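For reference, the chains in residue letters:
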Amino acid sequence: MSLKKLLKPGEEGELLQKKSRQVTVNFQNNRLKKINSGEQKREILRLITGGQLGLAENTRPDSHGDLGRMARETALMGPRVDFAFPGPAPLEQPQVWDKQGAEMKLEDLIDPARDFVEKTSSYHSDLQATVQVNKVEKQVHLENSSGFKGEYFKSSFEVLLGVRLIEGQNMLETYSFLEHTHWDSINWELEIEDLLQKIDWGRQNVNLSPGNYPVIMTPATVGDILWPLEECLNGKAITRGLSPWQDQLGEQAISPQLTLINAGTLDRGAASKPFDREGTPCSSFPLLENGVLKNYILDLETAEKLGEKSNGCGGENGPGPANLLLEPGSETMEAMISDLEEGVLIAQTMGAWAGNPYGGQVSGNISLGYKIKNGRIQGRIKDAMFSLNVFKALKEKVSAVGKKRTWHGSMLLPALLLDEVNVSIKSQED
Amino acid sequence: MQKKLQNLMSLSKADYCDIRVEDTEITNISYRGRELEKMERKIQFGGCIRTLIGSGWGFISFNSLDNLEEKLRQAEDQARTINRVKKGQVQLAPAPVIIAEEKNDWGEDPRQISLKEKLELMQHYNNLILNTDSRVNSSRIVYFDHHTDWFFASSSGTYIYQEKGDIGGNLGAWASAGQERTYDAVTFGSNNDFSVARGHDEQVVAAARRAVEQLQAPTVRGGQYPVILDPEMAGLFVHEAFGHLSEADEIFDDKNLLQLMQPGTRYGPSFLNIYDSGREWGNRGASHYDDEGLPTQKTYLIQNGEVVGHLHSRESAARMETEPTGSARAMDYRFPPICRMRTTCIEPGLDTLEDMISGIDYGLYAIGGLGGETNGELFTFTATRGQMIRNGKLAEQVKNVTLTGNVFHTLNNIDSIGQDFAILNNAGGCGKFEQSPLPTSEGSPHIRVQNVIVGGEG
Numbered sequence: 080m081s082l083k084k085l086l087k088p089g090e091e092g093e094l095l096q097k098k099s100r101q102v103t104v105n106f107q108n109n110r111l112k113k114i115n116s117g118e119q120k121r122e123i124l125r126l127i128t129g130g131q132l133g134l135a136e137n138t139r140p141d142s143h144g145d146l147g148r149m150a151r152e153t154a155l156m157g158p159r160v161d162f163a164f165p166g167p168a169p170l171e172q173p174q175v176w177d178k179q180g181a182e183m184k185l186e187d188l189i190d191p192a193r194d195f196v197e198k199t200s201s202y203h204s205d206l207q208a209t210v211q212v213n214k215v216e217k218q219v220h221l222e223n224s225s226g227f228k229g230e231y232f233k234s235s236f237e238v239l240l241g242v243r244l245i246e247g248q249n250m251l252e253t254y255s256f257l258e259h260t261h262w263d264s265i266n267w268e269l270e271i272e273d274l275l276q277k278i279d280w281g282r283q284n285v286n287l288s289p290g291n292y293p294v295i296m297t298p299a300t301v302g303d304i305l306w307p308l309e310e311c312l313n314g315k316a317i318t319r320g321l322s323p324w325q326d327q328l329g330e331q332a333i334s335p336q337l338t339l340i341n342a343g344t345l346d347r348g349a350a351s352k353p354f355d356r357e358g359t360p361c362s363s364f365p366l367l368e369n370g371v372l373k374n375y376i377l378d379l380e381t382a383e384k385l386g387e388k389s390n391g392c393g394g395e396n397g398p399g400p401a402n403l404l405l406e407p408g409s410e411t412m413e414a415m416i417s418d419l420e421e422g423v424l425i426a427q428t429m430g431a432w433a434g435n436p437y438g439g440q441v442s443g444n445i446s447l448g449y450k451i452k453n454g455r456i457q458g459r460i461k462d463a464m465f466s467l468n469v470f471k472a473l474k475e476k477v478s479a480v481g482k483k484r485t486w487h488g489s490m491l492l493p494a495l496l497l498d499e500v501n502v503s504i505k506s507q508e509d
Numbered sequence: 002m003q004k005k006l007q008n009l010m011s012l013s014k015a016d017y018c019d020i021r022v023e024d025t026e027i028t029n030i031s032y033r034g035r036e037l038e039k040m041e042r043k044i045q046f047g048g049c050i051r052t053l054i055g056s057g058w059g060f061i062s063f064n065s066l067d068n069l070e071e072k073l074r075q076a077e078d079q080a081r082t083i084n085r086v087k088k089g090q091v092q093l094a095p096a097p098v099i100i101a102e103e104k105n106d107w108g109e110d111p112r113q114i115s116l117k118e119k120l121e122l123m124q125h126y127n128n129l130i131l132n133t134d135s136r137v138n139s140s141r142i143v144y145f146d147h148h149t150d151w152f153f154a155s156s157s158g159t160y161i162y163q164e165k166g167d168i169g170g171n172l173g174a175w176a177s178a179g180q181e182r183t184y185d186a187v188t189f190g191s192n193n194d195f196s197v198a199r200g201h202d203e204q205v206v207a208a209a210r211r212a213v214e215q216l217q218a219p220t221v222r223g224g225q226y227p228v229i230l231d232p233e234m235a236g237l238f239v240h241e242a243f244g245h246l247s248e249a250d251e252i253f254d255d256k257n258l259l260q261l262m263q264p265g266t267r268y269g270p271s272f273l274n275i276y277d278s279g280r281e282w283g284n285r286g287a288s289h290y291d292d293e294g295l296p297t298q299k300t301y302l303i304q305n306g307e308v309v310g311h312l313h314s315r316e317s318a319a320r321m322e323t324e325p326t327g328s329a330r331a332m333d334y335r336f337p338p339i340c341r342m343r344t345t346c347i348e349p350g351l352d353t354l355e356d357m358i359s360g361i362d363y364g365l366y367a368i369g370g371l372g373g374e375t376n377g378e379l380f381t382f383t384a385t386r387g388q389m390i391r392n393g394k395l396a397e398q399v400k401n402v403t404l405t406g407n408v409f410h411t412l413n414n415i416d417s418i419g420q421d422f423a424i425l426n427n428a429g430g431c432g433k434f435e436q437s438p439l440p441t442s443e444g445s446p447h448i449r450v451q452n453v454i455v456g457g458e459g
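From first to last, the protein sequence lines stand for chains A and B.
At position 6 of the first sequence the residue is numbered 85 (the working numbering), and the sequence of numbers has no breaks.
At position 449 of the second sequence the residue is numbered 450 (the working numbering), and the sequence of numbers has no breaks.
Quick caveat, the hints were computed from the structure, so don't treat them as lab data.
The model shown is predicted, which means the values in this text are computed figures rather than measured ones.
Even for Gly, the Cβ is constructed at its ideal location relative to N, Cα and C.
There could be a bad hint or two in this list.
What follows is a set of in silico ranges between Cβ atoms, one per label pair, in the way DEER data are often shown [what the hints assert, rightly or not]: (1) A:394 - B:97: 44 to 50 angstroms; (2) B:35 - A:203: 32 to 38 angstroms; (3) B:35 - A:386: 15 to 21 angstroms; (4) A:388 - B:70: 24 to 30 angstroms.
From the derived model, a few chain A residues whose C-beta atoms are all more than 10 angstroms from chain B [stated by the list, open to error]: (5) 145; (6) 272; (7) 276; (8) 408.
All chains should be built: construct the whole structure from the sequences, respecting the hints.
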């Protein structure tokens, strides 16, 4: 289906065609239980007529005509827009297609997953492992009435690894989620080692008094508290007057120790691509550089409202970041732990996503956390919550930034040591 | 369609096989602040085949109904691959062979309401919100409706057509002053009646005023409190604290968990009764049949404080030697059915809200649910707002109220259940594994829970 056939004279438009093919291998409780596969084809049309924007999507193979009809119908009442679809532009081509990986057979996905189950259950016979390996191949084609035409292919391997140990009413569970464009980026041995370490540390529950503590957030949990930053850097929050960072470009927003980069075209980046959902070239730029606010996350519409240019962050639901990279510091995890007289290591959180992003208050359950005493991990703390204002914490309370970074989805993050994080915890007598 | 699907099923070489086809039309409207953000129409058409051979399930999803036999064979190959890795036999609980056609029991059918009328209604609410107070500087309005023609056939001879509906909305106000940002909202939802979207004028103005009032409120102090949950928070609580634990596909494979969830195990006080029902018509999640083609039912999970049942698929019911409950649900054609909740409720008790408040020296009243999560043992849930209770009376407002609990202990800390009862619907949904959001709803009276851990400033 071509865009030309869908548009009437005087209409501007953009047609996005997405094809994907995937296969998922699923081990639950140490057993291979399901193999799922799927093919999907979606067509999304944005149409501007009389300055109003219409939007329609279709997955029914035999009804292309509906796409134009539905887009035209919504455009009659749709939002007034001033932006124009971008024309052709030079594009960077990040490496996001794994030729070898794409040719992998079902058995090649099953073997390392089975190996994971065998290794974890030989470590402890009551450990229940969950493994999900998802191989996805995507083809994205975009064209618009300003003459842009682009296409890219992308592979991705999404791997969920989890182990759980139940003893009486005590449940100890840890997991990791990986997303890579290339199969050989997955380091199975390292993941197993990391998960078993977390199980080992958590075998004994220990008491902690409620209060304010220095807290080490692992790279994964740094990812859990960054979402208010993402929301407040988003062009939508800026144009709505909700972001506390409105009109703050060039200002010191957070600690000078922190630099956050939006990397749109990084080779092998899970969120890398040559152009965004609107045909704007993707690129890399700092959002916060040494804590100074440098750029917002913009699409065509929000950029136009702010009198700027889209920086290639257009997504299906407004602007969104590509890969987010938090620059590393100089401290090792071992040193962070051994330097603490008394503190908490937070390895997993739960529910920290619910709440008010623009106020910056983040509270969540410490679903896996450890007490540190005299520079050593003492055991697991349970029935505990952490609470912090992420803007304040990242501005005034950063006492160390980790040296080693790990990928969590499309975020590459170091650990952080934050001072004075409030921990509420069940009192001992209950 | 019937012939096509039944013919395909007759070609299957699997122990069991089913096919589902869904044809869904969607309307989405959203505002952010003054500006209309999105007007969208969608057609989501697709199907899936599920096969069982020995120990393994194969599953394939697609958009086109061409070459169905080829797809069936691929799903069979996938199931055989599993059976080769480890031989075995998955048993399925017996299910009736059903030939049926069920129309949705519409009140006001959203397809009979013009796009213009829907838009004008949302615009009207948006204007009411934004004109309430100068400190209300933004809003978030979300409206959607889905209409689905759902077709199902199985190798056991079942063929079902059912019509499904899903309507939801969120009418939210953001207030700002200095660096403070606060939010409150009105929500609605239904499986069969557009009229739930009407008549919220007074409520949206009240929500916008509450957002403004909260600007002055301090963040709650972290600690351990007796907490009264309003019906919306209590609904979220029962969903996270016990609903997910009752989903039998999580239980049957794990001998430790199976032990913890044995019928007769006490989890709450003798006046606590919890059920999950697929037949609460008018609420999100209600339907005649689940995604395995079984009739839905009302299932008690806890009676008189003890475990009495679980939410089953055919596989989990067979493993736990009981009857399936019609709880196998899939988010859409791209996913296989798994054990899920529909409308999850705490039954009303005997107490009044006044008595609950007057029995607390120092505690918290948590109002309106923003969302929650559980990992099987621990859970969290977040309120829209809170109010402290001092010396048996409601006192100052507080904000940023997130609570946490332990699924095995917290139900036991319920010491009071109200007479009032409401089933609440919103525009969100439930997430499990990669399937989110699935339409669900929750019902409860006010409840009081002792020793709840609250996150907050020190």
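Against the structure, the hints:
1. The given range of 44 to 50 angstroms is respected by residue 394 (chain A) and residue 97 (chain B), whose C-beta atoms sit roughly 46 angstroms from each other.
2. Separated by about 58 angstroms at the C-beta atoms, residue 35 (chain B) and residue 203 (chain A) break the suggested range of 32 to 38 angstroms.
3. Between residue 35 (chain B) and residue 386 (chain A) the CB atoms are about 18 angstroms apart, so this pair conforms to the stated range of 15 to 21 angstroms.
4. Remark: the range hint 24 to 30 angstroms for residue 388 (chain A) to residue 70 (chain B) is contradicted by a beta-carbon distance near 52 angstroms.
5. Consistency note on residue 145 (chain A): stated as away from chain B, yet its beta-carbon is not over 10 angstroms from all of that chain's, at 6 angstroms minimum.
6. Chain B leaves residue 272 (chain A) outside its interface by the beta-carbon criterion, the shortest separation being 22 angstroms against a cut-off of 10 angstroms.
7. Taking the minimum C-beta to C-beta distance to chain B, about 19 angstroms, the non-interface status of residue 276 (chain A) holds against the 10 angstroms cut.
8. Residue placement check: residue 408 (chain A) keeps its beta carbon more than 10 angstroms from all beta carbons of chain B (closest about 26 angstroms).
The structure fails to meet hints 2, 4 and 5 from the earlier list, while all remaining hints are met.
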